[in-house]
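Student: This is what each chain is made of:
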Amino acid sequence: MTIEARGVVKSFGAFKALDGVDLKVANGELLALLGPSGSGKTTLLRIIAGLEWPDAGEILFDGENALDRGARERHVGFVFQHYALFRHMNVFENVAFGLRVQPRRIRKTEAQIRARVKELLDLVQLDWLADRYPSQLSGGQRQRIALARALAIEPRILLLDEPFGALDAKVRKELRQWLRTLHHSINVTSIFVTHDQEEALEVAHRVVVMDKGRIEQVGSPSDVYDSPATAFVHGFIGESIMLPVEVTGGAVHLNGRPLDIAVEGGAAGASTLFVRRHDMLIGPADSGTLHGAVTHVRSFGPVQRAEIALTEGSTIEIDAPRDRELRIGDRVGLKPRHYRIFAGG
Amino acid sequence: MSIEMTLQRTPDGSARSLAESAARRDPRAEPAIVRVAIITLAIAFLSIFVVLPLVVVFVEAFGRGVVAYLSALADPEAWSAIRLTLGVAAVSVGTNLVFGLAAAWAITKFDFPGKTFLITLIDLPFSVSPVISGLVFVLLFGAQGFLGPWLQDHDLQILFAFPGIALATIFVTFPFVARALIPLMQEQGTQEEEAAISLGASGLQTFFRVTLPNIKWGVLYGVLLCNARAMGEFGAVSVVSGHIRGETNTMPLLVEILYNEYQMVASFAIASLLAMLALITLIAKTILERNIDGDMPHDD
Amino acid sequence: MSVLAPRRSTLPGFGLTMGLTLTWLSLIVLIPLAGLFVRSTDLSLAQFWDIVTSRRTLSALKISFGLSFAAACVNLVMGTIVVWALVRYRFPGRRLFDAIVDVPFALPTAVAGVALTALFAQKGWLGAPLAAMGIKVAFTPLGIFIAMIFIGIPFVVRTVQPVLIDLDPEIEEAAASLGASRWHIVTKVILPSLTPALLTGFALAFARAVGEYGSVIFIAGNLPNVSEIAPLLIVIRLSEFRYADATAIAVVMLVVAFVIIFAVNRLQRWAQSQAST
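Protein chains in written order, with this note's numbering: chain A, 224 to 568; chain B, -12 to 287; chain C, 228 to 504.
To be clear, the hints were calculated from the coordinates, so they are not data collected in a lab.
There's no promise every hint is true.
Straight-line C-alpha distance at most 30 Å; calculated BS3-like pairs for lysine-lysine [stated by the list, open to error]:
#1 B:Lys203 to B:Lys272
#2 B:Lys272 to A:Lys239
#3 A:Lys239 to A:Lys396
#4 B:Lys203 to A:Lys331
Only a predicted model underlies this, so the values are computations on that prediction, with no experimental measurement involved.
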């Protein structure tokens, strides 16, 4: 099923959670809503699920107005951030709930329900926990039971709110892979919300970056990482060096000194130069367009991270390959390999 | 330091002295004499003001032996009072249960302006003197009351009859169920209900299958306290009852009447039944409080 | 209703439950209470004033408010001692005594009334030794005072108890490490943090005692101007069909009760703001 949001606006009192959001989700896609807390991503997810109602705008499922229908009629599988498992029901009854509350004329027989629940518990590989209560499960197990429960109603859409948010780091990594595989096997249009860029970039087909109730960029993981559309996206995804620059007369100036790089994009006046840490090439003191002295070095893994005090007045951190050992006090020249300039300080 | 080390190694006696000296050095402990004085005062106060009155009820009730006690309870007037009290309690608990569930649902599952004020209004009967709780119904339904003439024309009896007693009791027990449920349901939030709805459950299915099992101990708690107060209410009921013998006397009212007639055994016999109700209520309350604590969500 | 309700909400039943709540609240509580105030407007201000300041009414109000205040003071002190013993110390029977604190809540007031009277009557277990010392309790204002202490016990204990349990032990340890004596710590560190709860408990005990009827009238003696409490005077005026008098006294008592609720709400908000800093 395709999902479309058109001009969705939602306020909570004076706080504007969504400020005109347009989004199209293709059939069978696995989409991530990525953004800092308060960016509106969870609100958008809850509006799609019918758990919240927009002040303005439209939500279309396969081109049909979804706002006519409440959460109950939308056939959306929703996995809550804190799972919201029914604490007085065991795992089996939790998963069976959606089947048991169906209107009598379409309700499955007890045997069919048992078979279906068994199938779902097998799918999430937790059939041995059927008799346990939620309080007896680990976080990762609860997460998978919540997913099985959502899938029981054969949802047309699967929505997951911070699916890995409450788990510890190791379990998160395992579940990421598992979610991707699972999505591949069930092939239901799915949207998940996360504030963790690694999670979004690793799991999703497409990533929607949100900030302050607006969509900043929609694109594949490599799109948003390699070609950030806005200053916010560049700053939010990956680790960037940010330098305040002035663009005048077709040249870029840092602290009044012209830099030997081409003006990129439509920036003019006070702007910000964004460079990925590993895109800042390091060379001898007389080379490059920026100059400075190494003030701190940490070496681990494949790179060394150096703190460099620029003669132009800022301090930046760069990642350099370890083929050339840096030492504190070394004078170096720097040149950005890839960079972006966005208007605004 | 080295002395403590050796003390720790020695068995029993010296180990205790170590614990004692540790207690003396504990910044959060008072000197032993203060401790003993506070405990003694607390026990003495509670014994004189709470334990003794409770004991005296049973001693007086059984003062002339078990036979006198039982025959006092077998009196038709006693039976009529017990029946009336049970009936009034059933009506008040029933209506306030429905109201309490509705109020708690509206208040805890939705956001609306004026919520705190509404809770204050629900609490209001707690701070109204029982006598005034009765008085307001006399002013409404009495012969000189707002509705008095109309009721007389239609031959409807509210005051000095079951409806009046029930109304006054409903008034004084009004907040109990709602008060027991609101904090619990507020803690539990709305996520499980949202999950149920998104899984296709109807409103009633959600309430009966998800909400009610989560709050059942809280409901029982509210019903328990509501019932205890309903059965024991004196002031409000006294004002609206009319004290018609064998008809409009509840158990507490009968305690008063018999007491004023110097029928001590009979009076305290009825009182002992009410005291037992209070004790059972307290025991059940302690157990329920533990269960409710288990229903409170714990972050993990 | 639609003004109050969110435009559309996920969970159903807002209209139904809110409607039921407001209807029932109005029918049982608000309209009857409003009736009392409406009825009081039948009186002119001068009439109202005459009733309230008549010797007997004034005496009854003085007795009710004065003795309630005194009883609440006793409850404040003794309640603090009881809470301290229950929370900070371990002694045999502690849990039993903890449960017993609620007896005045649970015991029907008429039962408490006859029990206290039996206990403090001149031949009673406590009345006899007191009478030997020349102290008469039952059927005097002292008896009213005793009954009011009884019914006020749970209020101070139950409002202060959770606060004392939750008090961060590090505060006391910090004070001790700074060289404060135990007396200093208790009076300058612990009691101030308990103050909002203590005042709340005091106010609740006071309000309850002012309105109390059942447990007081048996032991009071009910002598006009001496040991007649305001709620009893309302009952007497009603039995004399002097509705206006009853209404006027009730209005005075209700207004005081509302002022107390307001004060308690304020206190609790203050306590919350204190706790959050």
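Student: Just pull the numbers of the violated hints for me, sorted ascending.
Tutor: Numbers 2 and 3 - these are the hints that the structure violates, sorted from lowest upward.
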